[in-house]
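These protein sequences, in sequence, are chains D and E. Sequential numbering from -15 applies to the first sequence in this note's numbering. Sequential numbering from 467 applies to the second sequence in this note's numbering.
Be a bit skeptical, because a hint or two may be false.
In silico DSBU-like pairs for lysine-lysine, Cα to Cα no more than 30 Å straight-line [as the list claims (entries may be wrong)]:
| hint | chain 1 | residue 1 | chain 2 | residue 2 |
| --- | --- | --- | --- | --- |
| 1 | E | K833 | D | K119 |
| 2 | D | K147 | D | K59 |
| 3 | D | K59 | E | K833 |
| 4 | D | K147 | D | K212 |
| 5 | E | K757 | D | K119 |
| 6 | D | K59 | E | K668 |
| 7 | E | K708 | E | K833 |
| 8 | E | K856 | E | K668 |
| 9 | E | K757 | E | K743 |
Just so you know, these hints were derived from the structure itself, not from any lab.
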Amino acid sequence: MTEPILDITGLNKSFGPVHVLHDVDFAVRAGEVTALVGDNGAGKSTLVKCVAGIYGTDSGRVRFRGEEVHIRGPKDAADLGIEVVYQDLALADNLDIVQNMFLGRERGSAWLLDEANMEQAARETLASLSVRTVKSVRTPVSALSGGQRQTVAIAKSVLWDSKVVLLDEPTAALGVAQTRQVLDLVRRLAEQGLGVVLISHNMADVFEVADRIAVLYLGRMAAEVHTKDVTHGQVVELITAGRSGDIGLARPENAVL
Amino acid sequence: MSEKEPTMTQTPTASSNTAITDFGIDTTTMSTSEAVRDYLSRLRAGQLGSLPALTGLVALVVLFAALSDVFLSLNNLANLLAQGAGQTMIAMGIVFVLLVGEIDLSAGTASGVAGAVLAMHYAENGNLMGGMGSTVFIMFIAALALAAALAAYLRIWAGTAISLLGIVLTVSGMAANPWIEMLLALCVGTAIGCITGFLVSKIGMPSFVVTLALFLAWQGVLLQFIGEGGVIGISSSEVLNKVANGNLSILASWILYVVAAGGFAALSLGRHFRRLKRGLVTQPTTIVLFKVGGLAVIGAAATALLTINRAPNPNIEISGVPYVVPIVLALLVIGTYVLNRTRYGRHIYAVGGNREAARRAGINVTKIRASVFVVCSSVAALGAIVYSSKVGSVDPQAGGLNTLLFAVGAAVIGGASLFGGKGRVSDAVIGGTVLAVVANGLGLLRQPAAVVSIVTGLVLLLAATVDALSRRRAASAAR
Ligand SMILES: Nc1ncnc2c1ncn2[C@@H]1O[C@H](COP(=O)(O)OP(=O)(O)OP(=O)(O)O)[C@@H](O)[C@H]1O
Ligand SMILES: [Mg+2]
Chain D
-15 MTEPILDITG LNKSFGPVHV LHDVDFAVRA GEVTALVGDN GAGKSTLVKC VAGIYGTDSG
45 RVRFRGEEVH IRGPKDAADL GIEVVYQDLA LADNLDIVQN MFLGRERGSA WLLDEANMEQ
105 AARETLASLS VRTVKSVRTP VSALSGGQRQ TVAIAKSVLW DSKVVLLDEP TAALGVAQTR
165 QVLDLVRRLA EQGLGVVLIS HNMADVFEVA DRIAVLYLGR MAAEVHTKDV THGQVVELIT
225 AGRSGDIGLA RPENAVL
Chain E
467 MSEKEPTMTQ TPTASSNTAI TDFGIDTTTM STSEAVRDYL SRLRAGQLGS LPALTGLVAL
527 VVLFAALSDV FLSLNNLANL LAQGAGQTMI AMGIVFVLLV GEIDLSAGTA SGVAGAVLAM
587 HYAENGNLMG GMGSTVFIMF IAALALAAAL AAYLRIWAGT AISLLGIVLT VSGMAANPWI
647 EMLLALCVGT AIGCITGFLV SKIGMPSFVV TLALFLAWQG VLLQFIGEGG VIGISSSEVL
707 NKVANGNLSI LASWILYVVA AGGFAALSLG RHFRRLKRGL VTQPTTIVLF KVGGLAVIGA
767 AATALLTINR APNPNIEISG VPYVVPIVLA LLVIGTYVLN RTRYGRHIYA VGGNREAARR
827 AGINVTKIRA SVFVVCSSVA ALGAIVYSSK VGSVDPQAGG LNTLLFAVGA AVIGGASLFG
887 GKGRVSDAVI GGTVLAVVAN GLGLLRQPAA VVSIVTGLVL LLAATVDALS RRRAASAAR
């Protein structure tokens, strides 16, 4: 069993009085796809944002490649090589595709950006993801369709030489062909040795690409299992009830509190 | 699952080929007619840019030329440039604030304070303590020090440095020197911006409230500095007088033309052909040549006209391009460069477009939001130098009354959006020119101030309507 590249233990997060994540343990392994599933409001996006440094945490330890790290902001996460595709995409509408993809990490000097270099890199990455019907990489994001925006957000995350990629429902707005592309990409990234986390509500996709499945139930980690050890039915049961047979939370009914 | 199988094996190759050809479109340049069609379709989609303002400008010029025979006289045109310059410069600073979706209502009176310090330093021959009285003087120094500290806290080092320079210039009590005075005005403007920026972005108060309060406060400070009913003349200083009233020599005017037009041509053409060679997104060469050529011709015509003697009195000679032209041009070039070519400028647009996305991209949003107020007040102080020079004195009304509203109006008329994320420094120049033409033209037609105000208001309303309607179109075109 490989050592996790990203290992989270005992993570707690609350928004004011609302305790959203309870002692969550979560591991991402290099070269594997870990699917993170759970019902709406289970805390998947919150967990991802805590890892990305968007939210501070109440308690919990994060170890990256075996060493304890403190992620205080998005920059820290990016410096470690953690890339995130957010559920709400986080693109600036008034900027074009290239500008969005390099936002915060522009190439060239601070006083003279290297537009040519960025434009070429953006185009190559997008071409490899098959973005269709976009006329130009200089199109402002406000003029893109929902699916095109999602592809731009994904392209943004694979542009960097990253170690861990977290994708929060990356295929939600995509058509059949594009979903295919993203699932292939997810596999490809894992084969390249990255740790990949895929959040999805689509069980078929999860079972197709994931090596492991982590199930969040009302902010608690109900189970972290190998995909080959479980069935569709068991995962659905874990998602909806927090327990299935002898796997899952010991007393899920208490989790409601 | 099994039904999807055929799609799985075939789609990837098919669509990745399509993608490369799709992106192939922009690597080769569009033909001119395609570019024109593309532009028209963008207009229809509500991306109007500065087109409405330019159209309005042409219409106004034609209208006033028809109604008044003096309007198109060379003397009046040169005068118009100098009249509008100060307010246009303040508008250029305000564009930075508008870009992040904030507003600075205090820029006008803040510029007045900077102008007052300039005038007092000149009139008191550097003895600001004598001019202000020791209590006020100490508070003034303390305010500069506070500004430097706040800027340091925000890590806006330029703000710290310039505020500290302000203290040095104030305390050293150097004798009157126009350059020192102008530098001091800039320092005061920067310091004011550091305070505003801190209050808005670190404390988190709405910029509308902060700057409304500061608008009143700076007006009080200005009154304290100048005194009730007071006025400090500066026109006896040759340099301070010439800023807005002097002209370049004929030779210098043409040198300015060559540098400006040549520089623009070299930059645009160089960039264009470099991009073309690397297969990047470019406009058609014809259009680039047309733009460069058009500006060269317009610039040459303007320079030629402004180098003709335009004195209304046969005994004197007035000729040459007014100093305000290179001043505004320089600000325009610097502002455009900062916004379009630097990382800082890119981050300003990002914060205005989607603050949360900017934060997640690791951008220090607090610092960016504070810094635009520093830019705005600093540029407003430069504007104060120009408008004070134009009237030849500073009084307690300097930068008050409508200065700020006109400046915001200029930016909005030019096409900058009050909602953030959209605008250019050139918008302020175009909008500022529109307002200067309105004020000048109606003045020539001997219209009372009432009419000038009403017409300016209507022009602004029209501009805001165009902005709102084009936004609606753009929003509906995007989905
Ligand atoms: N900024 C916030 N402030 C307060 N509560 C929040 C905030 N963000 C999320 N929550 C709450 O935290 C819980 C988990 O939300 P989260 O977005 O992580 O769910 P999710 O698992 O991603 O759901 P979905 O599948 O719908 O995306 C929800 O109950 C939500 O109401
Ligand atoms: Mg979510």
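Query raised in the report: Going back to the hint list, which numbers does this structure go against?
Result: 1, 7 and 8
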